[in-house]
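2 protein chains.
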Amino acid sequence: MTDKVKKIQSGDVRTASRLIRHLEDNVHEARSTMKDIFPLTGHAHVVGLTGSPGAGKSTLVDALIEAFRKMGKTVGVIAVDPTSPFTGGAILGDRIRMQRHAEDPGVFVRSVATRGALGGLSRAVGDAIHIMDVMGKDIVLVETVGTGQQEVDIMHYAHTVLVVLIPGMGDDIQAIKAGILEIANIFVINKAEREGSSKLRKELITMLNMAPDSAFPAGWRPPILKCENAFQPATFSQSVMDLAQTIHEHYEHLVKNNLIGSWSNRKAATEFNEAIRCAILDPILNSLMQNGELDAMIRKLVNKETDPYTLAEEIAGRFLKMG
Amino acid sequence: MTDKVKKIQSGDVRTASRLIRHLEDNVHEARSTMKDIFPLTGHAHVVGLTGSPGAGKSTLVDALIEAFRKMGKTVGVIAVDPTSPFTGGAILGDRIRMQRHAEDPGVFVRSVATRGALGGLSRAVGDAIHIMDVMGKDIVLVETVGTGQQEVDIMHYAHTVLVVLIPGMGDDIQAIKAGILEIANIFVINKAEREGSSKLRKELITMLNMAPDSAFPAGWRPPILKCENAFQPATFSQSVMDLAQTIHEHYEHLVKNNLIGSWSNRKAATEFNEAIRCAILDPILNSLMQNGELDAMIRKLVNKETDPYTLAEEIAGRFLKMG
Numbered sequence: 012m013t014d015k016v017k018k019i020q021s022g023d024v025r026t027a028s029r030l031i032r033h034l035e036d037n038v039h040e041a042r043s044t045m046k047d048i049f050p051l052t053g054h055a056h057v058v059g060l061t062g063s064p065g066a067g068k069s070t071l072v073d074a075l076i077e078a079f080r081k082m083g084k085t086v087g088v089i090a091v092d093p094t095s096p097f098t099g100g101a102i103l104g105d106r107i108r109m110q111r112h113a114e115d116p117g118v119f120v121r122s123v124a125t126r127g128a129l130g131g132l133s134r135a136v137g138d139a140i141h142i143m144d145v146m147g148k149d150i151v152l153v154e155t156v157g158t159g160q161q162e163v164d165i166m167h168y169a170h171t172v173l174v175v176l177i178p179g180m181g182d183d184i185q186a187i188k189a190g191i192l193e194i195a196n197i198f199v200i201n202k203a204e205r206e207g208s209s210k211l212r213k214e215l216i217t218m219l220n221m222a223p224d225s226a227f228p229a230g231w232r233p234p235i236l237k238c239e240n241a242f243q244p245a246t247f248s249q250s251v252m253d254l255a256q257t258i259h260e261h262y263e264h265l266v267k268n269n270l271i272g273s274w275s276n277r278k279a280a281t282e283f284n285e286a287i288r289c290a291i292l293d294p295i296l297n298s299l300m301q302n303g304e305l306d307a308m309i310r311k312l313v314n315k316e317t318d319p320y321t322l323a324e325e326i327a328g329r330f331l332k333m334g
Numbered sequence: 012m013t014d015k016v017k018k019i020q021s022g023d024v025r026t027a028s029r030l031i032r033h034l035e036d037n038v039h040e041a042r043s044t045m046k047d048i049f050p051l052t053g054h055a056h057v058v059g060l061t062g063s064p065g066a067g068k069s070t071l072v073d074a075l076i077e078a079f080r081k082m083g084k085t086v087g088v089i090a091v092d093p094t095s096p097f098t099g100g101a102i103l104g105d106r107i108r109m110q111r112h113a114e115d116p117g118v119f120v121r122s123v124a125t126r127g128a129l130g131g132l133s134r135a136v137g138d139a140i141h142i143m144d145v146m147g148k149d150i151v152l153v154e155t156v157g158t159g160q161q162e163v164d165i166m167h168y169a170h171t172v173l174v175v176l177i178p179g180m181g182d183d184i185q186a187i188k189a190g191i192l193e194i195a196n197i198f199v200i201n202k203a204e205r206e207g208s209s210k211l212r213k214e215l216i217t218m219l220n221m222a223p224d225s226a227f228p229a230g231w232r233p234p235i236l237k238c239e240n241a242f243q244p245a246t247f248s249q250s251v252m253d254l255a256q257t258i259h260e261h262y263e264h265l266v267k268n269n270l271i272g273s274w275s276n277r278k279a280a281t282e283f284n285e286a287i288r289c290a291i292l293d294p295i296l297n298s299l300m301q302n303g304e305l306d307a308m309i310r311k312l313v314n315k316e317t318d319p320y321t322l323a324e325e326i327a328g329r330f331l332k333m334g
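If you read the protein sequences in the order shown, they are chains G and L. Each residue of the first sequence is one higher than the one before, counting from 12 in the numbering used here. Each residue of the second sequence is one higher than the one before, counting from 12 in the numbering used here.
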């Protein structure tokens with residue numbers, strides 16, 4: 012085992028931060044460190060938290076950190092930022108409040124973003140989870156903004172998935188995608204003091220009642236928790252403590268019912284897909300993008316100078332050993 | 012040009028049907044026929060129609076066929092069936108009513124399904140669109156069930172995208188995904204005689220009002236049309252005639268504002284993605300699946316006998332020329 016891995020195992024924040032940054036930058040050596048990290052994983056309870064922008068997720072994560080710390084657990088937080096660090100910043104800025112935990116050695120907060128056009132966010136998040144796991148964090152909270160396919164992929168890494176909703180006009184239509192609802196283990200109605208809270212709750216209950224029993228492994232029906240009055244610390248803290256407790260109960264449910272295995276399978280399938288993409292598609296697309304060939308190919312398709320079938324054969328012939 | 016292509020150009024239904032079936036079955040010769048078909052495309056107005064199960068899409072498609080025929084247009088219909096033809100059948104059965112047009116040489120209805128685990132539905136639909144286009148159909152209607160990523164991909168082939176919604180309990184939450192809403196050109200509230208119709212309409216208007224102007228190329232704001240009383244033929248026919256007219260207006264809008272080009276680009280990008288997947292990922296996954304290696308790899312990941320990083324390198328080394 013390398014010194015670097017030993018340092019990470021001892022919880023060294025600087026080494027871990029540098030490794031996460033190198034992985035984002037695709038530094039080759041960082042990948043080989045991950046080969047040593049991976050077999051050491053499996054300690055952390057990974058908790059995913061998603062919902063639409065404006066649902067108050069950052070405030071909730073901040074409060075959850077406090078709640079888990081009170082329960083004696085160490086916490087890692089991965090704030091997934093789909094915007095480029097060169098153009099974005101608003102979302103990251105919103106997370107500055109979490110920095111009040113910066114002095115606490117039991118808390119480690121990192122933002123993960125991807126550089127480059129090819130995605131890979133889900134892989135970067137997987138890497139960061141593994142690193143925090145090996146650092147010894149009891150809970151790894153992964154917060155994503157939005158509810159697209161990318162978020163669903165990321166949530167496959169989590170044992171427990173929280174979907175955060177808020178009451179209000181148009182929210183039901185705008186904020187929710189069926190793909191996310193299907194993977195929720197716990198629903199949180201945040202800002203529950205607002206009008207429309209009980210309507211939202213009713214809609215969720217209706218939706219859950221329509222789902223077949225097979226949607227609830229070993230009988231876990233996603234509970235619907237309310238968090239309200241973030242500006243009244245005592246009330247808010249209590250509801251977040253209840254939430255932290257429910258998160259813990261979900262993990263115990265998985266352990267008790269031998270469901271950790273099926274989570275491992277789902278996670279491994281996601282890792283396999285990421286590996287294939289990273290090993291095969293990224294190098295090909297990178298190669299085609301570097302000399303402007305990709306644009307030229309699409310232009311040729313538009314102008315009907317080539318067809319998708321010929322193109323597929325050409326690409327296979329050029330890049331595939333078996334082609 | 013081969014005899015086969017000439018027959019298809021003359022509208023020969025048997026030759027076209029056989030080609031579509033061979034493409035689904037991945038017969039190699041069928042791909043090479045498609046190379047001759049592709050450059051001849053570009054005549055048809057491709058109309059996508061999607062929405063959740065139970066939204067009455069088949070009835071609507073059936074009525075739209077009649078409306079377009081009254082307008083003097085020939086019609087191809089592609090009913091996309093995500094279920095396997097070996098296990099499913101309920102959805103196809105639901106489409107039997109369209110068969111009343113079976114005697115009309117101006118109408119050609121085909122179901123497209125994929126066989127095998129690897130997907131490729133979007134490519135199969137693209138193939139069928141190209142074939143119907145070259146057969147000379149003025150309108151090609153593509154009907155999909157559901158609103159997942161697969162449906163969004165398929166809708167990229169369409170000039171005009173219809174999203175069909177119905178009023179009623181839980182529908183707003185269950186039926187709609189933001190990805191689909193974003194690509195809608197026309198909303199249809201079907202079964203509009205039901206309670207909740209004006210609520211649904213209001214929610215759609217709210218949502219459209221929240222979107223930035225850039226969401227509406229050249230100022231086309233998706234109109235919201237109502238279709239009601241499918242059991243009162245006169246009323247229903249009139250609303251469907253209005254819908255057919257609006258579909259036609261959307262196409263004219265694209266032509267008038269030089270937006271066909273940006274549609275071509277979007278379609279070509281989808282075709283490129285499909286080509287890459289078909290040329291690269293399918294052969295690799297097929298090869299790994301044939302000897303049970305895929306399962307073994309996932310098992311090794313679960314048991315931490317390997318890691319995603321090593322796996323990626325192995326796969327690249329084995330399959331990629333550049334690896």
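I should point out that these hints are in silico values taken from the structure, not numbers from a laboratory. Heads up, a few of these hints could be off.
Note that the list lumps identical chains together, so a pair holds whenever it fits in one copy or between two copies.
In silico DMTMM-like links for lysine to aspartate or glutamate, alpha-carbon gap of 20 Å or less [stated by the list, open to error]:
no.	residue 1	residue 2
1	278	263
2	278	304
3	332	293
4	311	47
5	81	260
6	46	73
7	213	316
How the hints compare with the structure:
In this assembly of identical chains, the alpha carbons of residue 278 and residue 263 lie at most 20 Å apart only when taken from the same copy (18 Å versus 48 Å across copies). Within a single copy, residue 278 and residue 304 get their C-alpha atoms only as close as 35 Å, which misses the 20 Å cut-off; across copies the closest is 18 Å, which meets it. In this assembly of identical chains, residue 332 and residue 293 lie within 20 Å of each other by CA distance both inside one copy and across copies; the values are 16 Å within and 14 Å between. In this assembly of identical chains, the alpha carbons of residue 311 and residue 47 lie at most 20 Å apart only when taken from different copies (15 Å versus 45 Å within one copy).
For a Cα distance limit of 20 Å, the shortest separation of residue 81 from residue 260 inside one copy, 16 Å, qualifies, whereas the shortest one across copies, 62 Å, does not. Taking the shortest Cα distances, residue 46 and residue 73 never come within 20 Å of each other, neither inside one copy (32 Å) nor across copies (57 Å). Within a single copy, residue 213 and residue 316 get their C-alpha atoms no closer than 55 Å, and across copies no closer than 46 Å, so neither meets the 20 Å cut-off.
Hint compliance for this structure: hints 6, 7 are broken, all remaining hints hold.
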